[in-house]
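Each chain, written out:
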Amino acid sequence: MKYAVDNNGYYGKFGGAYVPEILHKNVSELQERYLTIMQDSAFQKELNQLLHDYVGRPTSLYFATRLSQFVGAKVYLKREDLCHTGAHKLNNALGQILLAKHMGKTRIVAETGAGQHGVATATVCALMNMECVVYMGETDVKRQYLNVQRMYMLGAKVVPVTSGNKTLKDATNEAIRDWTCNPKDTFYIIGSVVGPHPYPDMVARFQAVISEEIMWQLQQHENTSYPDYVIACVGGGSNAAGSFYHFLEHDSVKLIAAEAAGLGVDTNESAATIHLGREGILHGSKTLIMQTDDGQIVEPYSISAGLDYPGIGPMHAFLAESGRAQVYAITDDEALQAALQLTRLEGIIPAIESSHALVVLAKHSFKPNDVIVLTVSGRGDKDMETYCNRLTF
Amino acid sequence: MDRIASLFATKKNRIISVYFTAGFPQLHDTVTIIKELAHQGVDMIEIGIPYSDPMADGPVIQHSSQQALENGMSQKLLFEQLATIRQEVSIPLVFMGYLNTIMQFGFERFCQQAAHIGIDGLIIPDIPLDVYVKEYKTIVEQYGLKFILLITPETTEERIRQIDAVSSGFVYMVSSAATTGSQQSFDTEKQAYFQRIAEMKLQNPTLVGFGVSNNSTYEAACTYANGAIIGSEFIKQLQKQSSISLAVSTLVSTIKGS
Ligand SMILES: Cc1ncc(COP(=O)(O)O)c(C=O)c1O
Numbered sequence: 001m002k003y004a005v006d007n008n009g010y011y012g013k014f015g016g017a018y019v020p021e022i023l024h025k026n027v028s029e030l031q032e033r034y035l036t037i038m039q040d041s042a043f044q045k046e047l048n049q050l051l052h053d054y055v056g057r058p059t060s061l062y063f064a065t066r067l068s069q070f071v072g073a074k075v076y077l078k079r080e081d082l083c084h085t086g087a088h089k090l091n092n093a094l095g096q097i098l099l100a101k102h103m104g105k106t107r108i109v110a111e112t113g114a115g116q117h118g119v120a121t122a123t124v125c126a127l128m129n130m131e132c133v134v135y136m137g138e139t140d141v142k143r144q145y146l147n148v149q150r151m152y153m154l155g156a157k158v159v160p161v162t163s164g165n166k167t168l169k170d171a172t173n174e175a176i177r178d179w180t181c182n183p184k185d186t187f188y189i190i191g192s193v194v195g196p197h198p199y200p201d202m203v204a205r206f207q208a209v210i211s212e213e214i215m216w217q218l219q220q221h222e223n224t225s226y227p228d229y230v231i232a233c234v235g236g237g238s239n240a241a242g243s244f245y246h247f248l249e250h251d252s253v254k255l256i257a258a259e260a261a262g263l264g265v266d267t268n269e270s271a272a273t274i275h276l277g278r279e280g281i282l283h284g285s286k287t288l289i290m291q292t293d294d295g296q297i298v299e300p301y302s303i304s305a306g307l308d309y310p311g312i313g314p315m316h317a318f319l320a321e322s323g324r325a326q327v328y329a330i331t332d333d334e335a336l337q338a339a340l341q342l343t344r345l346e347g348i349i350p351a352i353e354s355s356h357a358l359v360v361l362a363k364h365s366f367k368p369n370d371v372i373v374l375t376v377s378g379r380g381d382k383d384m385e386t387y388c389n390r391l392t393f
Numbered sequence: 001m002d003r004i005a006s007l008f009a010t011k012k013n014r015i016i017s018v019y020f021t022a023g024f025p026q027l028h029d030t031v032t033i034i035k036e037l038a039h040q041g042v043d044m045i046e047i048g049i050p051y052s053d054p055m056a057d058g059p060v061i062q063h064s065s066q067q068a069l070e071n072g073m074s075q076k077l078l079f080e081q082l083a084t085i086r087q088e089v090s091i092p093l094v095f096m097g098y099l100n101t102i103m104q105f106g107f108e109r110f111c112q113q114a115a116h117i118g119i120d121g122l123i124i125p126d127i128p129l130d131v132y133v134k135e136y137k138t139i140v141e142q143y144g145l146k147f148i149l150l151i152t153p154e155t156t157e158e159r160i161r162q163i164d165a166v167s168s169g170f171v172y173m174v175s176s177a178a179t180t181g182s183q184q185s186f187d188t189e190k191q192a193y194f195q196r197i198a199e200m201k202l203q204n205p206t207l208v209g210f211g212v213s214n215n216s217t218y219e220a221a222c223t224y225a226n227g228a229i230i231g232s233e234f235i236k237q238l239q240k241q242s243s244i245s246l247a248v249s250t251l252v253s254t255i256k257g258s
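Top to bottom, those sequences are chains V and S.
Per my numbering, the very first residue in the first sequence carries number 1; after that it's consecutive.
Per my numbering, the very first residue in the second sequence carries number 1; after that it's consecutive.
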């Protein structure tokens with residue numbers, strides 16, 4: 001297993017658990033127990049039942065005829081936009097809350113940027129009747145009014161974060177501080193494949209259902225479980241991790257990640273962490289980080305609130321460094337146009353995050369017989385204001 | 001004998017160590033603050049290296065770090081400001097910072113320059129015990145620096161023993177499950193934890209930090225440990241008082257209860 005996490009929680013030189021002593025007990029308990037719990041048959045039964053009945057899995061693998069004609073290759077869309085609450089985020093939130101229950105925790109904290117992970121967490125907390133506190137940067141609270149209201153309606157407490165730049169990275173700091181102050185009863189549900197080990201691996205495993213389904217679904221369509229390409233967008237990298245997971249060790253399947261270039265990688269208004277980041281420590285993990293020469297974390301920019309995180313999951317830092325995955329940096333404008341194009345060709349309004357992945361279809365050169373699976377990580381309902389403001393329909 | 005060891009050899013109890021954030025309130029206050037603290041009888045100083053994302057810190061120190069960065073503080077400038085600090089003060093000086101900024105500066109280069117200007121030890125809360133032992137201990141010791149590790153109410157007895165074996169200078173006893181910030185009193189649960197640690201008779205001296213803000217919390221710390229570390233309360237005084245000298249004297253009398 002070349003690309004799996006090692007026993008110490010590293011992917012190559014990336015990963016690890018750089019946490020203050022107060023969190024050592026919680027993190028090491030999670031490290032020791034997560035695999036055992038996740039492999040327990042009662043746990044799996046409960047999770048699979050809920051994924052099926054509640055999340056609405058399996059999500060379809062849809063052969064996009066008109067898009068395929070346009071690209072000149074066979075394009076399948078993995079429809080995570082059809083999940084309950086509108087994105088892949090629920091797969092992970094559901095998995096983690098079941099794990100929290102198994103570990104006897106009674107209170108949930110989470111961070112959120114755009115609000116998708118916050119909504120997913122608030123949703124599973126309502127389902128499981130658990131106390132839920134979501135940290136969200138004050139700037140994002142204002143930008144994402146409807147998602148904040150959804151969280152309130154679901155019974156969560158939303159705490160606006162006023163430290164730092166008042167966005168996702170600061171919300172994450174605050175969620176970690178909350179966990180530090182409440183180590184006994186609280187479980188921290190992280191929203192992506194970031195944070196200290198075992199979070200990146202744990203979240204990847206909860207999202208791995210995406211590639212597990214792709215394999216048997218593709219078998220039905222194409223008589224093979226292995227596509228030539230898998231393409232996904234990366235913010236922290238959870239939908240990409242889940243889409244790549246079962247193909248990692250199969251070199252014939254080429255992996256492509258799309259990160260957000262914002263206004264462009266050379267503009268200072270970008271969130272292209274893999275292109276622009278340097279090795280460092282953020283939120284308990286050694287990974288690529290957008291930072292100043294002095295090591296102060298830089299606030300990233302992207303039109304997509306779900307992709308503007310200054311770090312990247314350590315797994316993706318390793319996949320990029322080792323050449324296993326190819327990474328494209330996609331600008332705001334390119335993503336916007338791709339969103340409109342998919343909408344007109346297929347009648348699917350994608351999330352602005354997912355639209356970054358769609359741009360790869362035009363940027364990369366494919367052969368006519370190539371079988372491409374592209375993950376549509378979420379639906380565009382939450383982005384309608386952006387689309388209205390930036391596109392002419 | 002090194003400065004930290006001789007402090008604990010000559011003064012067994014009631015040690016006061018004060019934290020401040022370099023570059024706050026004004027960019028060039030660093031040396032003035034150190035001199036004033038030493039002059040007014042503080043036993044040891046922790047010089048905070050500001051970081052944009054200080055995970056272990058509460059709102060007061062977070063704010064001071066952000067202000068210091070806005071003022072223009074950097075690792076390089078801090079070393080410049082402290083270049084001749086040993087001509088000014090003789091009490092132990094410890095750096096407290098986060099791993100990321102130190103990594104970018106270069107960990108070994110950082111240790112080398114710190115030792116060169118006369119810094120005695122390092123507190124880096126996001127370097128966990130195992131990583132310290134595996135990656136950094138040799139470098140830290142090569143430059144003759146002490147490395148102060150933290151213990152918390154959540155740390156098991158077995159792990160406390162491991163930390164005590166690896167830590168040098170002293171062991172930093174975090175008062176409670178909390179980030180840095182002032183607390184009015186230490187309740188019986190916290191005092192029971194202090195007592196439990198005292199009874200373990202660690203090889204290192206111990207100082208209680210996080211939450212020490214007044215005479216009552218200081219006295220509780222001194223009952224069970226060799227003294228206390230005060231951070232947020234000093235930052236607050238620096239904000240409130242009209243001069244650094246007044247901030248220090250107010251802090252010292254608040255803590256000593258005089
Ligand atoms: C629809 C959608 N896609 C992608 C992302 C990015 O997260 P990740 O890279 O972890 O999949 C988000 C994050 O909020 C999202 O809402």
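Keep in mind that the hints are not guaranteed to be accurate.
As the list claims (entries may be wrong) - Using 25 Å as the maximum straight-line C-alpha spacing, the simulated DSS-like pairs for lysine-lysine come out as follows:
| no. | chain 1 | residue 1 | chain 2 | residue 2 |
| --- | --- | --- | --- | --- |
| 1 | V | Lys166 | S | Lys12 |
| 2 | S | Lys12 | S | Lys240 |
| 3 | V | Lys25 | V | Lys142 |
| 4 | V | Lys25 | V | Lys13 |
| 5 | V | Lys105 | V | Lys13 |
| 6 | S | Lys76 | S | Lys11 |
| 7 | S | Lys201 | S | Lys236 |
| 8 | S | Lys35 | V | Lys25 |
| 9 | V | Lys13 | V | Lys254 |
| 10 | V | Lys166 | V | Lys105 |
| 11 | S | Lys134 | V | Lys2 |
| 12 | S | Lys236 | S | Lys256 |
| 13 | V | Lys142 | V | Lys157 |
| 14 | S | Lys201 | S | Lys35 |
| 15 | S | Lys137 | V | Lys13 |
| 16 | S | Lys35 | S | Lys256 |
| 17 | S | Lys137 | S | Lys201 |
| 18 | V | Lys13 | S | Lys134 |
| 19 | S | Lys12 | V | Lys25 |
| 20 | S | Lys256 | S | Lys240 |
| 21 | S | Lys240 | V | Lys25 |
To be verified - Partner residues aside, some chain S positions facing chain V, computed with beta carbon under 7 Å:
| no. | residue |
| --- | --- |
| 22 | Met55 |
| 23 | Gln62 |
| 24 | Gln104 |
| 25 | Gly106 |
| 26 | Asp126 |
| 27 | Thr152 |
| 28 | Glu154 |
| 29 | Ala178 |
| 30 | Ser182 |
Derived by calculation from the structure, the hints in this document are not laboratory data.
Glycine included, each C-beta is placed from N, C-alpha and C at the ideal position.
Hints versus structure:
{"no.": "1", "hint": "V:Lys166 / S:Lys12", "result": "violated, 44 Å"}
{"no.": "2", "hint": "S:Lys12 / S:Lys240", "result": "violated, 32 Å"}
{"no.": "3", "hint": "V:Lys25 / V:Lys142", "result": "violated, 36 Å"}
{"no.": "4", "hint": "V:Lys25 / V:Lys13", "result": "holds, 24 Å"}
{"no.": "5", "hint": "V:Lys105 / V:Lys13", "result": "violated, 32 Å"}
{"no.": "6", "hint": "S:Lys76 / S:Lys11", "result": "violated, 34 Å"}
{"no.": "7", "hint": "S:Lys201 / S:Lys236", "result": "violated, 34 Å"}
{"no.": "8", "hint": "S:Lys35 / V:Lys25", "result": "violated, 39 Å"}
{"no.": "9", "hint": "V:Lys13 / V:Lys254", "result": "holds, 22 Å"}
{"no.": "10", "hint": "V:Lys166 / V:Lys105", "result": "violated, 28 Å"}
{"no.": "11", "hint": "S:Lys134 / V:Lys2", "result": "holds, 23 Å"}
{"no.": "12", "hint": "S:Lys236 / S:Lys256", "result": "holds, 17 Å"}
{"no.": "13", "hint": "V:Lys142 / V:Lys157", "result": "holds, 16 Å"}
{"no.": "14", "hint": "S:Lys201 / S:Lys35", "result": "violated, 34 Å"}
{"no.": "15", "hint": "S:Lys137 / V:Lys13", "result": "holds, 19 Å"}
{"no.": "16", "hint": "S:Lys35 / S:Lys256", "result": "holds, 20 Å"}
{"no.": "17", "hint": "S:Lys137 / S:Lys201", "result": "holds, 24 Å"}
{"no.": "18", "hint": "V:Lys13 / S:Lys134", "result": "holds, 14 Å"}
{"no.": "19", "hint": "S:Lys12 / V:Lys25", "result": "violated, 31 Å"}
{"no.": "20", "hint": "S:Lys256 / S:Lys240", "result": "holds, 19 Å"}
{"no.": "21", "hint": "S:Lys240 / V:Lys25", "result": "violated, 38 Å"}
{"no.": "22", "hint": "Met55", "result": "holds, 6 Å"}
{"no.": "23", "hint": "Gln62", "result": "holds, 5 Å"}
{"no.": "24", "hint": "Gln104", "result": "holds, 3 Å"}
{"no.": "25", "hint": "Gly106", "result": "violated, 11 Å"}
{"no.": "26", "hint": "Asp126", "result": "holds, 5 Å"}
{"no.": "27", "hint": "Thr152", "result": "holds, 4 Å"}
{"no.": "28", "hint": "Glu154", "result": "holds, 4 Å"}
{"no.": "29", "hint": "Ala178", "result": "holds, 5 Å"}
{"no.": "30", "hint": "Ser182", "result": "violated, 14 Å"}
Checked against the numbered hints given earlier, the structure breaks hints 1, 2, 3, 5, 6, 7, 8, 10, 14, 19, 21, 25 and 30 and satisfies all the rest.
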